[in-house]
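The task is to assemble the complex, starting from two chains supplied on their own in separate frames and drawing on the hints.
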Amino acid sequence: MKRWLIWLPFIAFAAVLWLVAAELTRPADRTVRSRLVGQALPGFSLPAAVPGKPGLDARAFRIGEPRLLNIFASWCVPCAAEAPQLAALARAGVPIDAIAIRDKPEDVARFLARYGDPFRAIGADQTSAVQLALGSSGVPETFVIDGQGRIVEQHIGDLRAEDVARLTALVKGAR
Amino acid sequence: MIAEAGLAALWLAAAVALLQLVLAGVALRGGQAEVLAAVRPVAVTGGVLALLAFLCLVAVFVRSDMSVLLVVENSHSAKPLLYRISGVWGNHEGSMLLWVTVLGLAGAAIARIEHRLDERPLVATLGAQGAIALGFFAFLLFASNPFARVAQPPANGLGLNPLLQDPGLAFHPPTLYLGYVGLSVAFSFAVGALVTRDVGPAFARAMRPWVLGAWIFLTLGITAGSYWAYYELGWGGWWFWDPVENASLMPWLAATALLHSVTVLATRDGLRAWTVMLAVVAFSMSMIGTFLVRSGILTSVHAFAVDPSRGTFILALLALYIGGALALFALRIGTVKTGTTFELLSREGGLVLNNLLLSVILGVVLIGTLYPIVASAFGVQLSVGPPFFDKAAGPIALALVVALAAGPLVRWRRDRWDALAGRLLVPVAATGLALGAVVLFAPFKSVLSSAGLVLAAGLAVASVAPLWGRNLARTPLFTWGMVIAHLGVAVSLFGMAADAAFTRETLIAARPGEQVGVGPFRVTFDGLKPAMGPNWSALEGRFTVQRGDAAPFVLRPQQRFFAQPPTTTSEASIATLWDGQLYAVLGNADAGGRWQVRLWWKPFVTCIWAGGALIALGGALSLLGRIRRARLRHEEAWA
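Taken in sequence, the protein lines are chains R and E. Going by my numbering, the first residue of the first sequence is number 1, and it counts up by one from there. Going by my numbering, the first residue of the second sequence is number 176, and it counts up by one from there.
If you are wondering where the hints come from, they were derived from the structure by calculation, not from laboratory data. Each residue gets a CB set at the ideal place from its N, CA and C atoms; glycine is no exception. Treat the hints with care, as some may be off.
[To be verified] FRET-style restraints, in silico, Cβ to Cβ:
1) R:A81 with E:L531: 56 to 64 Å
2) E:A330 with R:E162: 31 to 39 Å
3) E:A684 with R:G135: 23 to 31 Å
4) R:T25 with E:A377: 43 to 51 Å
5) R:A129 with E:I683: 37 to 45 Å
6) E:A326 with R:E162: 26 to 34 Å
7) E:A330 with R:G93: 46 to 54 Å
8) E:P741 with R:E162: 24 to 32 Å
[Said to hold, decoys possible] Some, not all, of what chain E presents toward chain R, calculated at C-beta under 7 Å:
9) G486
10) T487
11) L490
12) A494
13) I497
14) L501
15) A502
16) A505
17) I508
18) I548
19) A552
This is chain E alone, in the form it adopts within the complex (with noise of 0.2 Å):
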């Protein structure tokens, strides 16, 4: 029954969309007054609607309902609560129907709150969201339902893959998919503007808070899931180039171009085709992205289900939004006029350096993605790996850091190289030193790493200098943002360098009682005994960890066995420490009852995610900012 009422909720969903698809195209063709005031409530129909279908899904996971094709599949009554519900987006399905439903959410929360934007532009937008669900409800419909049933009920489900059964994977990927479909927003304000030919500051302003949003939950996202697969994969490494990986950070590329390039479009009414051509790449990359995951073209270690089907029909989608979006802009964009201009040394400048510099990357990772398609299509097998990503985009990115280091000290619209060169005197000091420091003191391991150290320091003096000589308490919230954020770069290329620079690592065959050395450690394996989990049993090694005369600490990495479905999973035992992370993981025996045991000490690692939840942090404050400033504005406007 309940899943019959998902379906039910889905189908109206995906008809509401095409009314609010219909009712947006003839109030924009002219149609009366009331047709584009209905556009806003149909809009929230189709939001709640999509939300229902997506709570349905939840019930019939919760309840365990093993006549669901899908919780058979994905599913199993022993799994903790948290995991039945987690597992509604583990798989193909639940995943792309908690897609459309936030993409529901995200039209139904414009229709409310958006008043700040034209009534044309905004029903414009909402008709290009519509559109854009209507394509991704009858992708769920017609290829991918959640709710169907199977005619023999089994007692009981095959189980989600151990892997997932993780607190990171339950949240990592609303997470992530809050920041594409977020992007959906920009998108469809860029389609709008467009089509109504109403770009400006006001579009800018409106479409802003959206991106910063999108933004923030694709940084924590991505965080989230480079976290993940260190402590849950047991490889020791926190970013692979797998695909899956690009595919979340292409929109993330791109968004955070877009940020700063609506920044100038909002403040100083510049870059007015560029922003809009951002606003749809950063979408299409999303979209692009999903695709590459759920069609299965790309080889990867997210092993998803796929179907050449379906990647077929999702690739009609991208063909249709993607191609129609491009097209309306090659030709609408003539009729946009040239927004102000500005001087080459200036805020603005720095800022396209910014958007080019990250379009370079984004490229590099796109092309870097792609290239095994094309390869194939030439008949040739191959995989790009983190060689080719490592040395292509690593010095870009470097590149990258000085202009983020330079930039907030540039004046809006013009600037003089001497008066820059005075404010820039602390950070390149500060660059200096840590050069000193690093030839000194760091072993080399490679150009780019022991760059990342020198660059982090200068980054971290330069970011906070927009500070200096203010009053803090009267400096206005997005600044603080923007330092925190910035901030947060340099925290986390810190960590991405010294994890490079510094990592030691060990892989022995130890027999209980006996002792190896990692990094400044002394770690003695003390023995095994088993554990039991809610669904799970393990065999446990205990190891004892001593450096100089600190007190010893305990590591239990464990092998964890899953009955269903049966598979062995290797659980990392992490110790935090001030100054880094020592990471042990337990390995099979062989034959003369010798463990395989890996250690990795890996100084100040925790950087790089903590320098990835600061960046979100900075991302957070700016929106708190520009949002009260907003109701700030309006109150004025009306007293």
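The shape of chain R in the complex, shown without the other chains (with noise of 0.2 Å):
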């Protein structure tokens, strides 16, 4: 036998653990990346959720202007939680459109007059079905779309304060 090949079980796990040792120092990326990213809207035309406040349809998001698409429920307790993030969204001039998932309209209102409204459009998804088409599991999420009805980033779960200003310089970036 060849002197080297007697290293071999040594050099193989001496590469199995390099790699290993390198995949367990990187820190873990646990985000979900959405295969939507970089796509148009699907086309939906939604009825307002609330009255006095108007429904929502996907021409909108092409009118130049980059803006977020909120997910959410008047049943959901997270959404409750993210309020006052997308409260300061909207006070950095963020322009937020959103979609009631499954929801009644004076359910909806009692939980814009408890947790503050920083919606522009809300649409009423009864049957979750626009929900379904933007690739969207749960709720709350929100979507970054560009002006030209492109989704940028569908980020999933409650906003964080730390979310704010990333999203904000995100919206501001799109075009």
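Here's what the structure looks like:
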């Protein structure tokens, strides 16, 4: 047997070790990357969720103004928790539209009265059909949409304080 | 107080392990006879201290001492006693403590009962054991202290995952650990033999019972784990190629290869370097398995608590032990003389083929398990599942079955092809008959399952062939062991192939009163009623099952609600019949009051685990036979 062959198991093990160590020391990335990022919003047209506020149409996103699309529900606790962050974004001048999922007008109105209303328009999605078309699997989720109606980012779960600056920059940077 | 005593015992055990390592080193570097003689008692002391620490942890769990963090996180005073005890190893810290306890006890056992090996290789072996134990004690003390206290003891604990509150799971981890850690003894023997340059039949004979014992426990542990997953998870499958399952399969494959090569070394003084290599690899696979499971580097259904810093610690230990052993192997193996050589067609040749095929399967499983990590290093997220493993490992496993059928019928040293063909005549005829039966009667689902059915029949006949023409009463126990273990493989293979080929599945949404058919059965959904357990409540479905004109029987699958932690589990109801199992799972109800019900008819599925038990039984008989013969020889030598 050739001399160096004897070292083969050791070398193979060292290679595996190096690989695993590299993987272990790299901070784990747990973000779910949406396949819809870079794609156009699906077509939809939703009726108003509360009286006195317009409903939502997909065509309204193609007018050259980047903005956020928030998916929420009045029955959703993390949605209440992220309300201050949405309010902060609205104060920073970020336009926000919303879709209320499987909700009643009076419940949505009560929710907005209690936690604040940062939204310009709210569409009512009674069957989650639009939510599914967007590739959203729960509430709350927040999409960043550019001026051509393309999805720039999908944020799953409630917005935290540390997300506000990043999302503001994303919306301002988008065209 | 008990927790502090346990922690003190743990520190002392670590100190003793260090002492064991240092004494062994001094003794081997030409220390006095007293130093050499001191190593054995020190090893025994280490084992006792580790056991003491473990018993202290059991005590705080049994007493539900809520001032100990581990108890708070994993136990609840309302739990039945059995699960309060099994909660000890149902978590990271406790299971690591169990691991080193078994390691310490194994070291103590070598020191107490091993008298066939020369003193120097034995001391080197104990030194290696001390080194391994020291690292894992350090891991416990610095990164996973099981005895940590909480400042404000809560009124009660968080409870144990309900899936783990099952008699099967109470014994599955300790059994597997006995196997994993038993392999550490083989590893230490190999390191000891390399250090003292003493690789030969004596080393193999001393190592063989340990390998055999560890292998029996691994076989039992894997079989029990597979059955637990089958009935508790409610998915109706018995093997999922989950990383944690692979982590137990890989040491088993290596141990199986080692078991056979160590026989060649013990009987014929062949395969010296290869056997040493396998001994190193077998325990390395145990440690890599432990690492993969404990570091959280792989995603698995076994969602153990994970922590990267712990992963790094274990990784450093791996680098030290496996890397050290492999480097020692490379440096020293050149000085080990080549053992006896043999003809290609001989029992030795057959065992080499067995080893090669097992190693290839091991390689396939290892690559499949590690591939997600490799891919992730290149920025690709993926998982490797059953399609890969079935396709890649299945055909090799079937080739192994062919070798397994023929191997025991080949003579040692040299054989003739025509003579072997004569001995194989009946098994080949049985295979042919089975092939005819499968073609005529069995539905064709896949080449693999059909080939499995056919080969199982051939193997069953071939595995008892070594008994033909022998006086059964005078056949040595280890020959019986081999026959039964090989027969077990045939039985298990038959179960797997039958499950793959014949399983019938029905998934329906049913209202009480409705009837559904699955396989040869008519199943009537009678209704639901509530049920209560010690720490759960349940909704229990009642299903009356009728097969032909036979007496009907009842299945009662449940949806269980555990209060602490709040979890719902589905408890499958399984009827075991002579020719298979009927398996029922109760799902959720829809808005219209219809219940999701899943029914499987799995013909001969029980053979899978019965075969596993037979394999372990064969191993046990073989071990018993070896011990008996060694004792007889010992007595003869003194007579």
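Structure-based check of all given hints:
no., hint, verdict
1, R:A81 with E:L531: 56 to 64 Å, "holds, 60 Å"
2, E:A330 with R:E162: 31 to 39 Å, "holds, 35 Å"
3, E:A684 with R:G135: 23 to 31 Å, "holds, 28 Å"
4, R:T25 with E:A377: 43 to 51 Å, "holds, 44 Å"
5, R:A129 with E:I683: 37 to 45 Å, "violated, 27 Å"
6, E:A326 with R:E162: 26 to 34 Å, "holds, 30 Å"
7, E:A330 with R:G93: 46 to 54 Å, "holds, 50 Å"
8, E:P741 with R:E162: 24 to 32 Å, "holds, 30 Å"
9, G486, "holds, 5 Å"
10, T487, "holds, 6 Å"
11, L490, "holds, 6 Å"
12, A494, "holds, 6 Å"
13, I497, "holds, 6 Å"
14, L501, "holds, 4 Å"
15, A502, "holds, 6 Å"
16, A505, "holds, 5 Å"
17, I508, "holds, 6 Å"
18, I548, "holds, 5 Å"
19, A552, "holds, 6 Å"
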